[in-house]
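Here the protein sequences line up with chains A and B, keeping their order. Residue 680, in the numbering used here, is where the first sequence stops; the numbers in between run on with no holes. Residue 400, in the numbering used here, is where the second sequence stops; the numbers in between run on with no holes.
The reader is advised that the hints may include incorrect statements.
Derived lysine to any residue pairs resembling SDA-like cross-links, with alpha carbons at most 20 Å apart [unchecked claim]:
1) B:K352 - A:D490
2) A:K510 - B:M343
3) A:K507 - B:D48
4) A:K510 - B:E353
5) A:K510 - B:K26
6) A:K507 - B:E70
7) A:K510 - B:E65
8) A:K510 - B:V223
9) A:K507 - B:E65
10) B:K26 - A:D490
11) A:K507 - B:D45
12) A:K507 - B:N318
13) A:K507 - B:T46
14) B:K352 - A:P512
15) A:K307 - A:D337
16) A:K507 - B:E353
17) A:K507 - B:G342
By construction, these hints were calculated from the structure, which means they are not laboratory data. Predicted model only: the values in this text are computed from it and were never measured.
Residues per chain, in single letters:
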Amino acid sequence: MKPIVPKKHEPVRIGYYICHCGTNIAAMVDVEAVAKYVATLPNVAVSRHYKYMCSDPGQELIQQDIREHRLNRIVVEACSPLLHEHTFRKATEAAGLNPFYCQMVNTREHNSWVHTDRAEATRKAMALAHAAIERVPHHKSLEVKKVPINPDVLIVGGGIAGIHAALTLANAGKMVYLVEREPTIGGHMAKFDKTYPTLDCAMCVLSPKMAAVGSHPNIHLWTYSEVAKVDGYVGNFQVTVRRKPRYIVEDLCTGCQECVAACVFKEPKFPDEFNLGLGKRKPVFLPFAQAIPPIVMIDPEVCLNFKRGKNPDGTHTVSDKCKKTCVQACGDRKAIDFKQTEETKNITVGTIVMATGFKIFDARRTPFFGYGIYPNVYNALEVERLINASGPTEGEIVLRNGQRPKKVAIVHCVGSRDENTNRWCSRVCCLYSLKLAHLIKEHTDAEVYNFYIDMRTPGKGMEEFYNRVAEEGMHLIRGKVADVYPDPNDGATGRVVVQAEDTLTNKILKIPVDMVVLSVGLEPHPEADNLRRLFNLSCSSEGWFLERHVKLAPVSTFTDGIFLAGCCQGPKDIPDSVAQAGAAAAEAMALIDKGHIEQEPNTAYILADECSGCKSCIPLCPYSAISFDESRQKAIINEALCKGCGTCVAACPSGSIVQNLFEDDEIFSEIEGLLAPVPA
Amino acid sequence: MVATREPAVVDRTTTLETLLQTPAGKRMMTCIQCGTCGGTCPYGDTMDFSPRLVINMLRGGFMDEVIKSESLLQCVACYACMAKCPRGIRLTDVLLPLVKEQVLVTHTPMPAEFQKSLENMNRYGNPMGESPRKRAAWTATAGVKIPIMAELKREVDVLWFVECYTSFYARGQDNSRATARLFNALGVDFAILGNEEKCAGECGQLTWESGLFESLAEYNMKVFNKYKFRRLVTGDAHAYNAFHFRYPMFGLTQPAEHTTQFLARHLDRLKPMLKKPLDLTVTYHDACCLGRATGSYDEGRALLQAIPGVKLVEMVHNRVNSLCCGGGGGGMWLDTYYKQKGMDRLSDRRVKEAIATGADVLAVACPYEISRFEDALKVVPHTKPIVVRDVVELLAESLA
Numbered sequence: 001m002k003p004i005v006p007k008k009h010e011p012v013r014i015g016y017y018i019c020h021c022g023t024n025i026a027a028m029v030d031v032e033a034v035a036k037y038v039a040t041l042p043n044v045a046v047s048r049h050y051k052y053m054c055s056d057p058g059q060e061l062i063q064q065d066i067r068e069h070r071l072n073r074i075v076v077e078a079c080s081p082l083l084h085e086h087t088f089r090k091a092t093e094a095a096g097l098n099p100f101y102c103q104m105v106n107t108r109e110h111n112s113w114v115h116t117d118r119a120e121a122t123r124k125a126m127a128l129a130h131a132a133i134e135r136v137p138h139h140k141s142l143e144v145k146k147v148p149i150n151p152d153v154l155i156v157g158g159g160i161a162g163i164h165a166a167l168t169l170a171n172a173g174k175m176v177y178l179v180e181r182e183p184t185i186g187g188h189m190a191k192f193d194k195t196y197p198t199l200d201c202a203m204c205v206l207s208p209k210m211a212a213v214g215s216h217p218n219i220h221l222w223t224y225s226e227v228a229k230v231d232g233y234v235g236n237f238q239v240t241v242r243r244k245p246r247y248i249v250e251d252l253c254t255g256c257q258e259c260v261a262a263c264v265f266k267e268p269k270f271p272d273e274f275n276l277g278l279g280k281r282k283p284v285f286l287p288f289a290q291a292i293p294p295i296v297m298i299d300p301e302v303c304l305n306f307k308r309g310k311n312p313d314g315t316h317t318v319s320d321k322c323k324k325t326c327v328q329a330c331g332d333r334k335a336i337d338f339k340q341t342e343e344t345k346n347i348t349v350g351t352i353v354m355a356t357g358f359k360i361f362d363a364r365r366t367p368f369f370g371y372g373i374y375p376n377v378y379n380a381l382e383v384e385r386l387i388n389a390s391g392p393t394e395g396e397i398v399l400r401n402g403q404r405p406k407k408v409a410i411v412h413c414v415g416s417r418d419e420n421t422n423r424w425c426s427r428v429c430c431l432y433s434l435k436l437a438h439l440i441k442e443h444t445d446a447e448v449y450n451f452y453i454d455m456r457t458p459g460k461g462m463e464e465f466y467n468r469v470a471e472e473g474m475h476l477i478r479g480k481v482a483d484v485y486p487d488p489n490d491g492a493t494g495r496v497v498v499q500a501e502d503t504l505t506n507k508i509l510k511i512p513v514d515m516v517v518l519s520v521g522l523e524p525h526p527e528a529d530n531l532r533r534l535f536n537l538s539c540s541s542e543g544w545f546l547e548r549h550v551k552l553a554p555v556s557t558f559t560d561g562i563f564l565a566g567c568c569q570g571p572k573d574i575p576d577s578v579a580q581a582g583a584a585a586a587e588a589m590a591l592i593d594k595g596h597i598e599q600e601p602n603t604a605y606i607l608a609d610e611c612s613g614c615k616s617c618i619p620l621c622p623y624s625a626i627s628f629d630e631s632r633q634k635a636i637i638n639e640a641l642c643k644g645c646g647t648c649v650a651a652c653p654s655g656s657i658v659q660n661l662f663e664d665d666e667i668f669s670e671i672e673g674l675l676a677p678v679p680a
Numbered sequence: 001m002v003a004t005r006e007p008a009v010v011d012r013t014t015t016l017e018t019l020l021q022t023p024a025g026k027r028m029m030t031c032i033q034c035g036t037c038g039g040t041c042p043y044g045d046t047m048d049f050s051p052r053l054v055i056n057m058l059r060g061g062f063m064d065e066v067i068k069s070e071s072l073l074q075c076v077a078c079y080a081c082m083a084k085c086p087r088g089i090r091l092t093d094v095l096l097p098l099v100k101e102q103v104l105v106t107h108t109p110m111p112a113e114f115q116k117s118l119e120n121m122n123r124y125g126n127p128m129g130e131s132p133r134k135r136a137a138w139t140a141t142a143g144v145k146i147p148i149m150a151e152l153k154r155e156v157d158v159l160w161f162v163e164c165y166t167s168f169y170a171r172g173q174d175n176s177r178a179t180a181r182l183f184n185a186l187g188v189d190f191a192i193l194g195n196e197e198k199c200a201g202e203c204g205q206l207t208w209e210s211g212l213f214e215s216l217a218e219y220n221m222k223v224f225n226k227y228k229f230r231r232l233v234t235g236d237a238h239a240y241n242a243f244h245f246r247y248p249m250f251g252l253t254q255p256a257e258h259t260t261q262f263l264a265r266h267l268d269r270l271k272p273m274l275k276k277p278l279d280l281t282v283t284y285h286d287a288c289c290l291g292r293a294t295g296s297y298d299e300g301r302a303l304l305q306a307i308p309g310v311k312l313v314e315m316v317h318n319r320v321n322s323l324c325c326g327g328g329g330g331g332m333w334l335d336t337y338y339k340q341k342g343m344d345r346l347s348d349r350r351v352k353e354a355i356a357t358g359a360d361v362l363a364v365a366c367p368y369e370i371s372r373f374e375d376a377l378k379v380v381p382h383t384k385p386i387v388v389r390d391v392v393e394l395l396a397e398s399l400a
């Protein structure tokens with residue numbers, strides 16, 4: 001179809017459409033009255049209301065009107081442009097009109113959903129419509145610009161979500177940079193024993209994926225590393241990564257661990273992070289047997305070859321005081337390097353997947369559960385390590401005094417559903433508590449008491465799992481534990497009493513147990529706030545990264561080209577994390593495979609004749625899109641870099657910067673329309 | 001915790017019928033029936049209706065059954081349910097007092113000892129039925145001059161509200177004498193109301209009788225309004241609670257402080273004066289009205305640790321998890337009733353924990369606790385001697 005280009009002298013003919021959105025808009029706004037009112041406004045050729053403007057017939061209506069009534073401007077009053085601006089621009093374009101002659105008015109999120117007075121909401125809809133009617137005559141025909149996209153992807157976080165996203169993208173032939181702050185990938189899942197509802201072993205399913213990441217030709221795996229800086233925008237992010245010294249040359253270490261055996265510390269002496277301090281490690285150590293990369297690291301805080309304590313700049317000074325038996329053991333491999341320093345890597349990627357995970361709730365914040373006070377009170381992650389064959393007790397569930405517990409209480413909702421700590425349901429605790437109940441019983445034949453508020457087991461196979469565990473003879477008590485204290489009748493075994501109201505029998509229970517397991521909830525990662533700033537993301541008030549749309553864009557963010565996977569977006573279980581990681585990878589791929597980014601033509605340009613060459617705009621531009629032409633003494637805006645933020649437009653002292661779609665004429669007319677009297 | 005961090009409570013006109021429409025009542029609509037309140041309640045196992053069940057009966061419209069039962073006679077207003085509530089529901093100072101008021105109307109007769117105390121408060125302005133004209137008599141034994149507002153005839157910095165037990169009971173007066181010495185040592189510009197003062201009425205309000213509380217509060221406000229002062233300081237944790245939460249609804253605009261809070265604020269000046277080492281192991285009992293009610297856990301401990309030679313040890317239940325002495329919410333006058341019902345005395349439970357710490361001193365910051373814990377120590381067997389002292393007594397003793 002031949003594009004319709006309105007000629008200068010051709011009169012403006014506006015088509016106006018207000019959407020009912022079912023009852024979303026029509027229930028609070030008298031759409032018929034608005035359409036009638038708009039028909040009386042200048043330049044309006046057609047004014048209609050329709051049940052669903054976004055439907056095919058709705059779009060067809062616009063196209064037909066453009067053809068039949070020779071419309072050259074379109075105004076659609078409906079929902080947020082975030083949802084349907086694209087739809088209506090496309091419909092406009094399909095009828096042969098430049099898509100930027102179409103303007104959307106948000107009368108749902110900004111009007112019908114937030115007001116309760118129908119008459120006032122209708123008046124507001126009229127005023128908003130009038131603003132757009134005044135604005136569109138000033139619109140111009142604009143071209144969408146295409147910018148090539150860098151096909152490489154950065155994935156931040158190497159838990160199951162990051163691993164799955166990395167493998168999906170790498171298998172599709174994309175180059176992936178996987179940055180993990182810990183010395184190994186695997187995240188929380190690597191610490192779990194078995195997984196619900198199938199009770200398959202976490203590492204049995206995870207370790208093949210970890211190994212695949214470690215050996216994949218398309219994955220650059222950077223562990224013990226952190227993102228330090230992010231610049232640029234979708235298609236072209238410049239990222240700086242800090243690689244912290246592990247005092248081991250990664251390429252030279254074979255993972256033989258002979259250095260660990262040879263360390264001057266004959267016995268492991270220092271709390272082992274991977275086992276949450278329940279086990280011990282040496283100053284040189286492999287985080288755990290299946291760590292990826294299978295490379296040891298040296299902890300300078302405890303290694304004798306370093307001076308005690310950090311320097312003010314965070315580095316450590318070599319003391320050369322140790323016999324360095326590790327270096328002798330390493331021999332010709334020469335993989336140990338005490339002089340290693342932090343390394344900085346600069347990369348360019350087109351898209352980013354955030355998979356930074358969560359942290360478990362610190363149960364010391366609810367002191368009446370006795371965590372950190374009584375040795376036999378554990379958090380659930382510690383118990384995962386106790387049950388795990390590769391854990392500090394080699395899978396034997398024994399208390400700190402070496403005894404096997406005969407009675408165990410599992411306390412649900414610790415740091416969840418609680419206004420004093422975290423308001424949200426952490427979603428995984430009911431099921432992992434049932435799983436732990438099963439495993440504890442299987443390992444020890446102990447009496448297990450689950451204290452819950454509501455048993456929440458949605459999802460495929462989950463209710464069946466609940467049923468199975470209940471049948472095994474668990475004590476399932478509906479009531480939250482209110483107090484944990486030492487058993488007054490106990491000698492020295494460390495037995496504690498858990499006190500709770502059984503809300504189904506109306507009895508106060510005081511049950512002496514040998515072990516308490518606190519089913520701690522999930523919290524945003526402590527670094528989430530820094531990451532949010534670094535990557536320019538939004539967070540919910542709780543601190544989870546905010547998705548672009550809760551239902552329809554659940555892995556996208558408000559920053560184009562950055563996607564979310566796993567628990568950084570909110571608590572979720574392994575299947576959901578993996579599904580989300582796959583979705584994030586697919587979204588990234590959709591951008592990459594298109595090959596280019598279409599840029600909204602809302603860029604700014606300089607009216608060269610009026611520019612005084614004062615340069616005040618140049619340092620203000622957050623995208624470094626403005627440069628200075630020395631020969632002509634004028635500023636120049638690089639359209640490919642301009643993101644249309646408008647900072648320079650507002651700052652220019654001579655008013656010589658203009659922004660497409662936000663020209664002065666457009667905005668002032670819009671304001672006039674908005675402030676014009678509206679019928680009562 | 002959540003509920004205690006928000007000072008606003010329901011207004012004076014709220015009744016059980018209108019409660020659920022108020023902001024505090026809407027919180028009750030969010031109750032998830034987790035039973036934390038019932039599980040932590042010191043008398044939860046003897047109540048027919050645990051606090052959890054009271055909420056659900058209210059929501060279901062079955063309050064008559066709750067009012068007919070004796071469950072609420074067992075509430076000692078210790079704030080444990082409210083402090084731990086995951087929904088921030090104001091049980092102790094909003095819901096339960098409204099229920100108690102109805103219990104008082106319905107149950108006749110109430111336990112005699114209790115009935116008598118309320119009558120005394122009404123008639124004499126103190127629960128023991130002492131002569132109001134002897135309220136300031138203790139000042140003769142203070143050892144320092146105690147200025148009285150009516151005689152002073154000028155603005156003071158601190159209006160010290162002495163309260164009942166600390167005016168009339170011998171062991172309570174020890175607290176007042178110590179406070180007077182400390183104020184004097186710090187050079188505090190203070191005065192008391194003398195015989196004009198009447199009970200702040202906290203127990204009247206939190207237990208049963210909103211009418212009694214209102215008449216006492218209105219009386220005290222009238223007296224306050226006669227004088228100029230910049231802050232109200234009291235050694236009675238219950239009175240502090242009333243001044244902090246309730247009296248602003250009756251027009252109190254000056255800030256209220258408990259003596260431990262006031263002294264802790266001046267600790268940098270007080271500490272150099274604490275020269276006499278006491279050489280004692282001390283365990284600190286968190287008063288419900290200070291700790292859980294207002295989150296004031298650190299002041300008492302900071303003061304004790306400022307005394308040379310004092311070693312602070314903690315009981316099993318401390319801070320938010322502290323065990324009540326059983327004296328709040330009218331429990332002070334229900335001991336006979338509890339005994340008849342075969343219930344544990346809470347002060348016995350508490351001193352057992354204090355004894356287990358091996359401390360020489362059980363330090364308290366609420367005048368009820370002196371007599372309650374001293375009585376309990378008479379019946380709970382222990383080998384190593386342990387005494388009950390108010391924090392201010394220990395501080396005054398350490399003054400050089």
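We went through each hint and held it up to the structure:
1. B:K352 - A:D490: It holds: about 15 Å lies between the C-alpha atoms, which stays within 20 Å.
2. A:K510 - B:M343: 17 Å, holds
3. A:K507 - B:D48: Within the cut-off at roughly 9 Å; holds.
4. A:K510 - B:E353: 17 Å, holds
5. A:K510 - B:K26: Distance ~31 Å between K510 of chain A and K26 of chain B Cα, so the pair is violated.
6. A:K507 - B:E70: It holds: about 17 Å lies between the C-alpha atoms, which stays within 20 Å.
7. A:K510 - B:E65: Violated: K510 of chain A and E65 of chain B sit about 27 Å apart, past 20 Å.
8. A:K510 - B:V223: 49 Å, violated
9. A:K507 - B:E65: The hint holds at about 18 Å.
10. B:K26 - A:D490: 43 Å, violated
11. A:K507 - B:D45: 7 Å, holds
12. A:K507 - B:N318: 25 Å, violated
13. A:K507 - B:T46: 9 Å, holds
14. B:K352 - A:P512: Cα-Cα ~19 Å, so holds.
15. A:K307 - A:D337: OK: K307 of chain A and D337 of chain A at ~16 Å, within 20 Å.
16. A:K507 - B:E353: Violated. K507 of chain A to E353 of chain B sits at ~24 Å, over the 20 Å cutoff.
17. A:K507 - B:G342: It holds: about 18 Å lies between the C-alpha atoms, which stays within 20 Å.
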